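**Student:** All chains should be modelled from the sequences, with the hints used to inform the complete structure.
Residue numbers (our numbering), protein chains in the order written: chain A, 409 to 781; chain B, 249 to 510.
These aren't lab readings, by the way, just hints derived from the structure by calculation.
Note that the structure is a prediction, hence the values are computed from the model and not measured.
Note that beta-carbon positions come from the ideal geometry of N, C-alpha and C, so glycine has one too.
One or more of the hints may lead you astray.
Covered stretches of chain A (in silico footprint by chain B; criterion: 3 or more residues with CB under 8 Å from a CB of chain B, positions within the stretch not fixed) [said to hold, decoys possible]:
| id | region |
| --- | --- |
| 1 | 597-604 |
| 2 | 608-618 |
Quick partial rundown of chain B residues pointing at chain A, CB under 7 Å, derived from the structure [as the list claims (entries may be wrong)]:
| id | residue |
| --- | --- |
| 3 | Thr315 |
| 4 | Thr318 |
| 5 | Ser320 |
| 6 | Gln329 |
| 7 | Val331 |
| 8 | Ala333 |
| 9 | Gly338 |
| 10 | Leu339 |
| 11 | His343 |
| 12 | Ala349 |
| 13 | Phe351 |
| 14 | Ala363 |
| 15 | Trp365 |
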Amino acid sequence: MRVALKKHWQRALDARWLVPCLLVGGLVLTFAIAHFGLLNNYVQLVLIYVGINIILATSLNLVNGYMGEFSLAHAGFMAVGAYSSALLSMKVLPVAAHPALFHLAVLAGGLVTALLGLLVALPSFKVRGDYLAIVTLAFLMIVKSALENIDAIGGPRGISGIPRLTTLPWVFCWTVALLWLIRNFVYSCYGRGVLAIREDEIASDLMSVDTRRVKVLAFMLSAFCAGIAGALFAHLLQFISPRVFDVVKTTEILIMVYLGGIASIGGSILGAALYTLLLELLRPSTVAGLLSWLPAVVFDPLNDYFIRHLGVLRMIIMPLALVLVMLFWPRGILGLREFRGFIPRRDRRAHGAARLKGTDTHDAADSHSTRET
Amino acid sequence: MKPATLNPNPMPAGSPHLEVRDLRVHYDGIHALHGVSFQVPRGQIVTLIGANGAGKTSILRALSGLTPYTGSILFEGRDLQRVPAHRIVGLGMAHVPEGRAIFGNLTVQENLRLATWQRRDREAIESDFERVLTTFPRLRERLRQPAGTLSGGEQQMLAVGRALMSRASLLLLDEPSMGMSPRLVQELFAIIQDINRTGTTILLVEQNANQALRIASRAYVLETGRITLSGTGPELLGDPRVKEAYLGTAATGKGANRNPPP
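**Tutor:** Here it is in structure tokens:
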């Protein structure tokens with residue numbers, strides 16, 4: 409019985425119509441939610457955050473997971489995308505008159521960030537591992553203090569009054585587009601190079617992989633996506649300041665990546681969604697709302713001793729949950745595995761269930777996140 | 249084992265396939281090579297033998313562009329100074345590094361395909377792939393397996409097969425016999441000879457002097473960064489100095505298959 413169920417499940421996962429259906433369904437659903445107000449604004453806001461965080465986590469996963477480097481610059485890239493797109497939409501583009509130009513501002517934010525990514529990557533990738541982490545951390549600090557000290561863009565006060573143009577359906581579209589981009593990169597010949605670099609950089613060189621070019625390109629793509637996420641973020645909050653984009657922000661993205669699993673797009677989606685939703689769910693008001701059906705005898709003491717303190721407690725609960733996840737899934741929930749629908753068809757057949765030494769599951773539904781030409 | 253014809257356009261004979269002149273390498277002030285010169289004629293098997301630390305691996309690393317050096321390396325008449333490592337492979341010199349350096353988390357198939365990273369001739373890649381699998385039938389059975397799960401011998405076969413996938417005209421092999429049973433070593437060396445017969449030049453670096461000298465048409469003995477002896481394979485196999493240092497004094501050449509003393 410279980411075997412039969414599993415078979416059906418796998419056939420469904422393998423079906424050609426699965427991913428297109430999810431995409432169309434998602435688009436219709438997000439549009440309906442925003443247009444008809446099916447969910448209240450708070451829930452919509454959380455869902456938008458989930459989308460933005462998915463972009464951030466997946467793009468960081470490209471560098472930290474697939475390539476096995478350790479970059480801490482992501483919040484810095486996000487800041488650059490946020491600032492450049494906000495300035496564009498407020499000072500250059502007549503966005504107020506033509507809201508569609510918003511996407512141009514977002515795209516431009518991403519491109520500016522990608523260019524900066526190139527500038528950072530060229531010198532940084534002379535070093536590896538811990539040293540790359542330090543270099544990218546330094547970059548993050550430079551971005552932050554530069555933003556704080558340029559008065560023309562608000563200095564430490566930041567920019568306010570950015571038009572609120574980020575909506576749920578658009579975030580959905582941007583997220584899908586960027587995931588598609590990253591997925592195609594990962595399953596291209598460059599992606600193969602990225603995986604080889606994670607395994608052994610010198611051997612990759614000996615195998616004719618232009619390691620420098622592969623690394624710089626992957627880093628640029630990662631920065632591009634972070635820039636777009638930043639741009640969407642700026643047009644959501646309507647207010648950005650350098651303080652938002654500090655090392656804590658980078659740490660949050662890192663947590664999503666490692667929680668979901670390294671070298672896995674599906675993992676990053678899962679990690680970003682779980683982290684964002686759990687953090688919101690643990691708010692005192694949310695928990696109180698969810699448990700209000702309990703009789704007062706149970707609810708009141710629970711409220712007095714637990715729920716009311718959740719504001720502080722959730723900052724203990726989340727890290728604890730993270731420690732537990734790392735203990736039981738050292739590579740993250742979907743580490744080095746992939747949701748089958750994301751793997752190009754030719755690679756699914758070619759690779760079956762190849763996986764790491766030491767992982768013992770034989771479930772063919774997700775295969776090793778690698779490919780062939 | 250069927251021979252693999254992986255070198256479809258052999259260069260005209262004449263100039264040596266590889267020429268090394270006065271090669272010097274040093275790491276942080278420690279001199280690893282003090283001016284090494286040798287030649288590898290086209291289509292032959294040349295071996296460099298020497299003990300640990302003699303500088304064998306340094307030579308190969310310099311040849312592949314992994315280590316800065318002074319002196320000159322001419323591959324098919326072209327100076328390789330300043331040519332980056334990933335380009336050198338494309339020129340036709342493939343390096344099977346010491347310890348194999350396969351990508352353990354990637355499948356066997358992915359390992360083999362990676363070597364074609366710069367190639368765009370899809371059909372030729374497919375036929376090379378078939379040839380490598382014909383040369384190493386065991387790899388065919390394990391195509392989807394992560395390379396790290398292969399046995400040591402299979403990993404070495406994979407490393408050699410991977411180098412062949414780059415369509416190299418010159419193969420650099422760094423101690424392919426390391427950690428393999430005598431029987432597997434014999435098998436591997438037979439394959440190396442087969443590959444050579446199809447026109448691929450081979451530079452074989454070995455501690456297993458006995459085996460290496462048997463298949464080599466030319467051999468060099470390397471000691472502390474210098475070439476101290478050279479000659480044809482049979483000459484060195486019979487040379488008393490080589491016998492004493494690398495083959496063991498009791499070696500009669502038959503059945504002797506042991507590593508040189510440190």
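**Student:** Are the hints correct? Go through all of them and say.
**Tutor:** Hints, verified against the model:
no., hint, verdict
1, 597-604, "holds (count 5)"
2, 608-618, "holds (count 10)"
3, Thr315, "violated (11 Å)"
4, Thr318, "violated (21 Å)"
5, Ser320, "violated (21 Å)"
6, Gln329, "violated (17 Å)"
7, Val331, "violated (12 Å)"
8, Ala333, "holds (4 Å)"
9, Gly338, "holds (6 Å)"
10, Leu339, "violated (10 Å)"
11, His343, "holds (5 Å)"
12, Ala349, "holds (4 Å)"
13, Phe351, "holds (4 Å)"
14, Ala363, "holds (5 Å)"
15, Trp365, "holds (5 Å)"
In this structure, the earlier hints numbered 3, 4, 5, 6, 7, 10 are contradicted, and the remaining ones agree with it.
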